[in-house]
Amino acid sequence: MWRLGLRQLAAKKFRLLSTTMAVLLGVAFLAGSLVLVDTIGKTFDDLFAEIGQGVDAHVRSAESIESDFGDVRGTIDEALIDEIAAVDGVLAYHGHTEGFAQLIDKDGDAMGDLGPGPPTLGFAWTEIEDLNPMRLFGDESRAPGPGEVVIDRSSADTAGFEIGDLVTILLQNGPEEFVISGIATFGDEDSALGATMALFDTATAQRVLGEPGRLDSIDVVAVDGVSQEELRDRLAEVMPPAAEVLTGDQLIKENQDAVAESLGFFTTFMVVFAVVALFVGAFIIYNTFSIIVAQRAKEMALLRALGATSRQILASVQVEALVVGLIASLLGIVAGVGVAVGLKALLAGLQIDIPAGGVVFTSRTVVVSLIVGVGVTTLSAVTPALRAARTPPMAALREATVDQSGRSIIRTVIGTLITGAGVAAILAGLFRDVDNAVSFVGAGAVLVFLGVAALGPIIAGPVSALLGMPLRTFRGFPGMLASENAQRNPKRTSATASALMIGVGLVGFITIFAASATASIKKSIDDTFIGDIIVESGSIGFGGLSPDLATDLNDLPEVQAASGVRVGIAEVNFWPETVVGFDTATIEQVVDIAVTSGSLDDLGPNQIAVDQDKATEEGWAVGDTISARFADTGPQTLEIVAIFNEDADLADRYVMGYPGFEQHFSDVFDSRIYVITDPTVGPDEARVAVENAASGFPNADVQDLTEFKEARAAEINQILGLIYALLGLSIIIAVIGIANTLALSIVERTHELGLLRAVGLTRRQLRSAVRWESVIIALLGAVLGLAVGIFFGWAVVKALADDGFSRLVIPPVQLIVVALIAAIVGVLAAIGPARRAANLDILRAIGAE
Amino acid sequence: MAKATMTTIRAGDGDGGSVPSAARAAKVVKVFGSGPTEVQALKEVSIGFDAGAFSAIMGPSGSGKSTLLHCLCGLEPLDGGAVFIGDTELGKLTERQRTLLRRDRIGFVFQTFNLIPVLTAKENITLPMLMAGTKVDEGWFDTVVETLELTDRLHHRPTELSGGQQQRVAVARSLITKPDIVFADEPTGNLDSHSGGEVLGFLRRAVDNFDQSVVMVTHDPHAAAQADRIVFLDDGRIVDEMFTPTVEAVLDRMKQFGGE
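As you go down the protein sequences, you meet chains A and B in turn.
Just remember that our numbering sits 2 ahead of the position in the first sequence, which is counted from 1.
Position 88 of the second sequence, counting from 1, maps to 77 under our numbering, and the rest follow consecutively.
Looking at chain A on its own, in the form it has when it is part of the complex (with noise of 0.2 angstroms):
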């Protein structure tokens, strides 16, 4: 039986070509998933041990907090030097500051993205080779001394800047200009992954990078002979408790581990569209099984006829799939590479710069490849080869028939069971309180799928015939015959037309869930800002506006009230949280805050609102105390003192005062500043002011209220489109499914075909009328895609509206396009069939001797 499946399988080779390729690029992309996130794993971790390479022990504050966008430290007593500098077995050691310093080109605009890419940072130079991993490049840099900088030759080199011109950076106070006295490397690198270095003598760097008598850990280097682990264990027993002493290998390592986690996120999610995308080539191979077998089944008749056994027929049909699944694995792999490349060109679209570095290529990303797309395609072919071992033997005695069914009562029932489930896994991990939530609505989604799959041949034939009617008056006989074609096999129709229903079913959900999203957003803004300008720094925590901005614009004639927003991280009650900064002087004047109780003017220092939603749910009332921890200043207890319910997520859930902010965070920075203008000025002039008053902040980006809901619009859209282009596989998939079923069709009404060219019908018509009858099964496909896509998005918006998402979108146009997209599927899959249909053999089609 294995020398039955192989011979078929030669025999047949170009059948399953079509197959193979829907295998493939899923592993294709499965596997250069794997890759990537293995390159770029090791480049982190290369990373991580060239900057930590001479430290043998790291000396920083004990408090810190956790959060999704990066740890938040605490910083030591530079005091703590002296203890040090005493320990027996240190041989070197340098005090580290580092800070926001962005550089302003020579244009005036400032260097770098303060969003979430690389850094923009500034930190200390130290003459220790051993604990600095920047290299002074040519032979007239130099080391930085007061009023002097040295900038990463990638800056200098985008920028144009020279050893010896002027540059001005941001700093925390304000704007500095320094001279250039020397350009270094990051090792060999030109920069460190992107990020953009100012490094200072040690005095400045401390008045301007952070504050004067702290510092942000000490480095040290041991003696010769003195192990990592001494050299901590000694440092150990003088530093106090507010600091603790990692070995320079556990640094490393607990860098690496940060980074690994965050790739597991990312790895995750590429694996999703990974599935998706080997989900919807399940689909292909089931088909093409199926029909295989249908047209082979006087074949497996006669052979059971002649004794083989039921199981000998399942097994050659396995054996075919098994090699399939194999070949199209191995080729997938390789293939692999050249997606990880392909993948990491639409990173870098989204400023996400990986370094050109080795390709990583484990034996997990060949194993894991291998077992998901060999099983894959076997369990795929499971149904149809149990299908071929049930053949009756008398099945080769009888005329094979037009297949007509679709409609069974055993069908219905399975299908509506299946998809009901689905249902109602997705409604109850969406609504109700269950643990693994998200696997319940991914399994749900898995299931509806399947469940409406089950359910298409009761309708393709309506539906068919319903867009065939537009085709029959346009497109006369060859619109008729694409119609009566893809009514007559419900089941196969049906089934072509599923594998692009799952593509076009997600882009319907993701299109309706960002355009929800952005409609709420901008309802929300709409609702809660009063201000009509924003100066944003696009900075999430990380540097941004000098606070002297905001001041500026208060003073300025034609602003009526300019608020100034900051933003942190600190762990309250117990949980790492975004904690937001508002001037209390100003900010209801630009924001609807909607105090409930209390008032925003009791914000002292040590004084925090909460939105009401989570007072409500930890039972908190004005006047309790709740317990907060912050780096820099350890653990606090603050008081309530006002409860707000504030729409637009412009203030989370706490938000503290400015004295609270100057107390408890080290950096003070504005995150951006809404502006309320003075009415009785106008609109534009009042524009002109501020951004004449924003023209010596190079980082500060003046937009009116249109201009910010764009930009919320724009930065949900980039993501879209990334999901858009991530789908787009699933979609190319489904072309090849739609064409390999077509052709598959064709080879069996051969001789029909050859009977309508031989009674006269062109080569034209024959094209038009194959083309024409793969835009109905695609558009089929779009329709139930639709369907089950408009119902996600509806029970995830309807989820999330607590969660911001007040409103649901359905945009008919986006989705109109989606299903002109499906019909140009269509069109694209019949292209080859067309074409072979059309130059069919009329005589050898018609059977003629």
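Here are a few chain B residues that face chain A, going by a calculated C-beta distance under 7 angstroms:
1. H59
2. R85
3. R91
4. F102
5. V107
6. M120
These are calculated hints, taken from the structure and not from any lab test.
Each residue gets a CB set at the ideal place from its N, CA and C atoms; glycine is no exception.
Starting from the known structure of chain A, arrange chain B on it as the hints suggest.
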């Protein structure tokens, strides 16, 4: 029953006579394969088929009779010579023109699988018009349907028709465009003698009542006997001709092919 007349045709003898030919082959050569496996299916065959006549082509298997038919309707490209439908030389037409000629000026009846399964009988009959996007002559349609006794079968699909009924639908289709000529390739081959006889009768009636030209390839003497003229092929050449044939005469002549 008229007595069969026989004339022996020398290979190469072309058309002639005052009756216009509906279809004509002139020194047609057809070769299959190449080198050592080369087969000369047709060796400079010249023959004309009169308009308004029922002609049959007979011969043992491998004689080239089907090939000749395929060449005459433009489905088989020639390796030499020319074929004409009326005055139109097929070799001078583009593929598209040949296709349209088949649609508008030739009628086809094949041995089996003559019909498109997804279309009704009526749609199958009017297939040439459907393809051309033109209107059917209602009067002619009714006449054809009545003649072929298909009036109450028009809205059935081929799977709902018997073999004989399917062939009748095919014959109706072949007549609906009032073609220059109807080519029938073993039209009764898959039918029982009763249905077969019916179909032949309809073909005969088409020639007699509607002045249709029919050329039929067959190996069945009963079928051939319905024709006005039989052309005998052997080994790629026309070897004989028979007018107003009888079944016995045909059987006798076929014995001479030896062993078939």
